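With chain A held as given, fit chain B onto it using these hints.
Number of protein chains: 2
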Amino acid sequence: MKPEATPQGIIAGSIPLFAGHPSRDLLPIDELRRIMSAGWAGRRVGRFLNYGDEQGDSQLIDFLVERFNRSEMLGISRDNLMIIGGSTGGLGMITQHLTRPGDVVLVDAPSYRDALHIFRDYRLEICSAPIDDEGLVISDLARKLRQLAAAGKAPRFYYVAPNFQNPSGITMSRERRLAVIDLSREFGFAIVEDDVYNDIRFGGALPPSFYHLAGGEHVLRLGSFSKTLAPGLRIGWLVAPADWIARFVDSGMLRMGGGANPFTAAVVADYCRSGAWEGHVEWLRGQYRRRRDVALAALDASMPSGLHWTRPEGGYFIWLRLPPSVHVDDLEGRAQARNIYFASGKGFYVNPEAGAHHLRLSFSYVPQAELQAGIEILGGLIARMTA
Amino acid sequence: MKPEATPQGIIAGSIPLFAGHPSRDLLPIDELRRIMSAGWAGRRVGRFLNYGDEQGDSQLIDFLVERFNRSEMLGISRDNLMIIGGSTGGLGMITQHLTRPGDVVLVDAPSYRDALHIFRDYRLEICSAPIDDEGLVISDLARKLRQLAAAGKAPRFYYVAPNFQNPSGITMSRERRLAVIDLSREFGFAIVEDDVYNDIRFGGALPPSFYHLAGGEHVLRLGSFSKTLAPGLRIGWLVAPADWIARFVDSGMLRMGGGANPFTAAVVADYCRSGAWEGHVEWLRGQYRRRRDVALAALDASMPSGLHWTRPEGGYFIWLRLPPSVHVDDLEGRAQARNIYFASGKGFYVNPEAGAHHLRLSFSYVPQAELQAGIEILGGLIARMTA
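In order, the protein sequence lines correspond to chains A and B. The opening residue of the first sequence carries number 1 in my numbering; numbering runs sequentially from there. The opening residue of the second sequence carries number 1 in my numbering; numbering runs sequentially from there.
Derived from the structure by calculation, the hints contain no laboratory data. If you're wondering where the values come from, they're calculated on a predicted model, not measured in any experiment. Treat the hints with care, since some could be wrong.
When chains are identical, the list treats them as one kind, so a pair holds in a single copy or across two.
Below, in silico cross-link-like pairs of lysine to any residue (SDA-like), each with a Cα-Cα straight-line distance of 25 Å or less [as the list claims (entries may be wrong)]: (1) K153 x L27; (2) K144 x A246; (3) K153 x T99; (4) K153 x A109; (5) K153 x E370; (6) K144 x E134; (7) K153 x D103; (8) K144 x E186; (9) K144 x L213; (10) K153 x Q96; (11) K144 x T99; (12) K144 x A129; (13) K153 x G306; (14) K153 x D293; (15) K153 x S58.
One chain only, chain A, in its complex shape (with noise of 0.2 Å):
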């Protein structure tokens, strides 16, 4: 169905709006080359070549920390900071250590689709709740609680992405935060928060992060290099509480195979060190909003009415409502004899069907021609859907 794809699955000629990763263009390959060859002339090639430390490279550790007492005022020290293999390597990793099969996890509905896949294969009870513009709706929370207790099951954690959150673009209120936090005290569940979208911020301020507004307590906050660097090196840090850091770094898994890739997490620790990386991010966030804004027009422009969308402020994704009318499986046939491709509401959901009516569209990836002559075409599809 989809031949000669290449490694994210883009069909050659397509418009891939649903391909959730950095263009070529904004992969910084120049000053990464010059980062790399340098770092080979110093002390560390032999050590970066060899087993790392299980916590991860050490100077990154150490940047990471102090960036993030000096932009967060976290109070961090190295004790709650490891390396991981991307997001994902620290959310296996939480995963494994924190459940059993059988567990009961929280997550918003939508939720992040690989984040359920991996769920599922750990063989655990998924229960949603479902979010609004200002992100998880607390009284339902509440009430998925309540029946879960009833039915004597306590949750382990509470996965959320608390902003810009892929699929739907939504940040989380600091209201909201702080209710999830007593409800979490009150049922005894962590909270594991994916904030891989957090230096892809277009305008102001973002609330508080959970690790910041629990004190530390009973929060893991995953952040990625995936997004703001290059996906491709599989560099990501983990905050947590000492002790829960402690756990992880004296696991089977890296006492054999050492820390996060030593090679790679020692070049984004050069990148980080050399001053590189706090201006490439502010250079992403003009290029990222640039495309939210075309995107943005282009859905203005040529959308009939009855569809809703967000406007995310920031990140890399938009989350459409269909009408009623139109269930998504048959705009995407359509969509797809004309070459263009999004993502399926469906995978977003426990239960696909109530993902039946959303798609999600992605600004990072695709051309700004593209991203505009894609929607509009989209536009006109579902126009024609609803006349």
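Leaving out everything else, chain B in the frame of chain A:
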């Protein structure tokens, strides 16, 4: 207790006979730098800095499939091989997908310490059977299997390092491998073959792999570039039946993060395709063989009677059995007082006390003069303890 240690836990000024990793002079640093510089110039850079294919770097898969079909007549296709984050990444993935908490896995006694740690993290019941100079003692395994069956327990898999086992250096004979395969069919367990030392062989041909002898059925074979190229790149491979590879490739972890580190996998692919790897492996064999010879000569010259040690034909490790009067804890304390660190036998058994009179020496890391000096000092210590 171990201040100022490197990421590999090595204290400055000590003789780290425990260190099971290559020394810096065995890493092809200059050649890797050359390969990496050349790689940046090519078309692939934009791809290997982005998310990769779930199965791993395509060129590296092709290279390895061709290599195994040529050198071992393994008869595999692309569908039988995937790239993994070192053998560790593969063992974690296999354990996650094939077991649930409380399941039984089978191991040798002794077995690889960090693998036992992973199995404990997954809350498995670890059942071991002893090895002798030809590997696993079949009658003991058969007895264990009958006992388990009588208790209603079916092991999920047998974890084995068939060649130059860590910690013993022992290679399992062809006959024993065939007998294990017979038992695996009778009792319905898989075989996880951790073959990371295969290429570090000093003598003639090895027995065929479990994968080969079983015709690829119910065997998962792990390999790695950590021993023959550089551990810090964190790249290995898994050879397995096509339906199992497909299942792993379709996992949430790989869907979310993409395949094993695309950047370092591309570097390894370029290195292998340049033809440099085979020559480097050949050179490494000579280097490690010389170190093994130094270690064995020092043992022959300095150890008092009453000790037994293995004479490995490859790999990194020699396994010593102490006289009954010498407890390894006692020797360890005296050795550390002389700045000599070895791996206590206790970590390699499900029941640590079974290793109370064993220790593992590694000849992969320490320079030859220190290897000899360290073993001579150990010999002197043991002689005084048995006098």
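Comparing the hints with the structure gives:
In this assembly of identical chains, the alpha carbons of K153 and L27 never lie at most 25 Å apart, being 45 Å within a copy and 52 Å across copies at closest. Proximity of K144 and A246 under a CA criterion of 25 Å is satisfied in neither setting, with 32 Å inside one chain copy and 36 Å between copies. Taking CA atoms no more than 25 Å apart as the test, K153 paired with T99 passes in both settings, with 13 Å inside one copy and 23 Å between copies. Taking CA atoms no more than 25 Å apart as the test, K153 paired with A109 passes inside one copy only; the shortest distance there is 20 Å, against 40 Å between copies.
Proximity of K153 to E370 under the C-alpha cut-off of 25 Å is found in neither arrangement, the shortest distances being 48 Å within a copy and 58 Å between copies. With identical chains, the CA atoms of K144 and E134 are at most 25 Å apart within one copy only, with a shortest distance of 19 Å there and 58 Å across copies. In the homo-oligomer, the alpha carbons of K153 and D103 lie at most 25 Å apart both inside one protomer (8 Å) and across protomers (23 Å), since each shortest distance falls under that limit. Taking the shortest alpha-carbon separations for K144 and E186, only the intra-copy value of 13 Å comes in at or below 25 Å, while the best inter-copy value is 47 Å.
When the C-alpha separation of K144 and L213 is checked against a cutoff of 25 Å, the pair qualifies only within one copy, where the shortest distance is 23 Å, while the shortest distance between copies is 53 Å. Taking CA atoms no more than 25 Å apart as the test, K153 paired with Q96 passes in both settings, with 19 Å inside one copy and 23 Å between copies. Only within a single protomer do K144 and T99 lie at most 25 Å apart by alpha-carbon distance; the minimum there is 19 Å, versus 30 Å between protomers. Taking the shortest Cα distances, K144 and A129 sit within 25 Å of each other inside one copy (7 Å), while across copies they are farther apart (48 Å).
In this homomeric assembly, K153 and G306 never come within 25 Å of each other (Cα to Cα): the closest approach is 40 Å inside a single copy and 59 Å across copies. In the homo-oligomer, the alpha carbons of K153 and D293 never lie at most 25 Å apart, since the shortest distance is 44 Å inside one protomer and 60 Å across protomers. Neither within a single protomer nor between protomers do K153 and S58 lie at most 25 Å apart by alpha-carbon distance, with minima of 40 Å and 44 Å respectively.
Taken one by one, the earlier hints fail for this structure at numbers 1, 2, 5, 13, 14 and 15, listed in ascending order.
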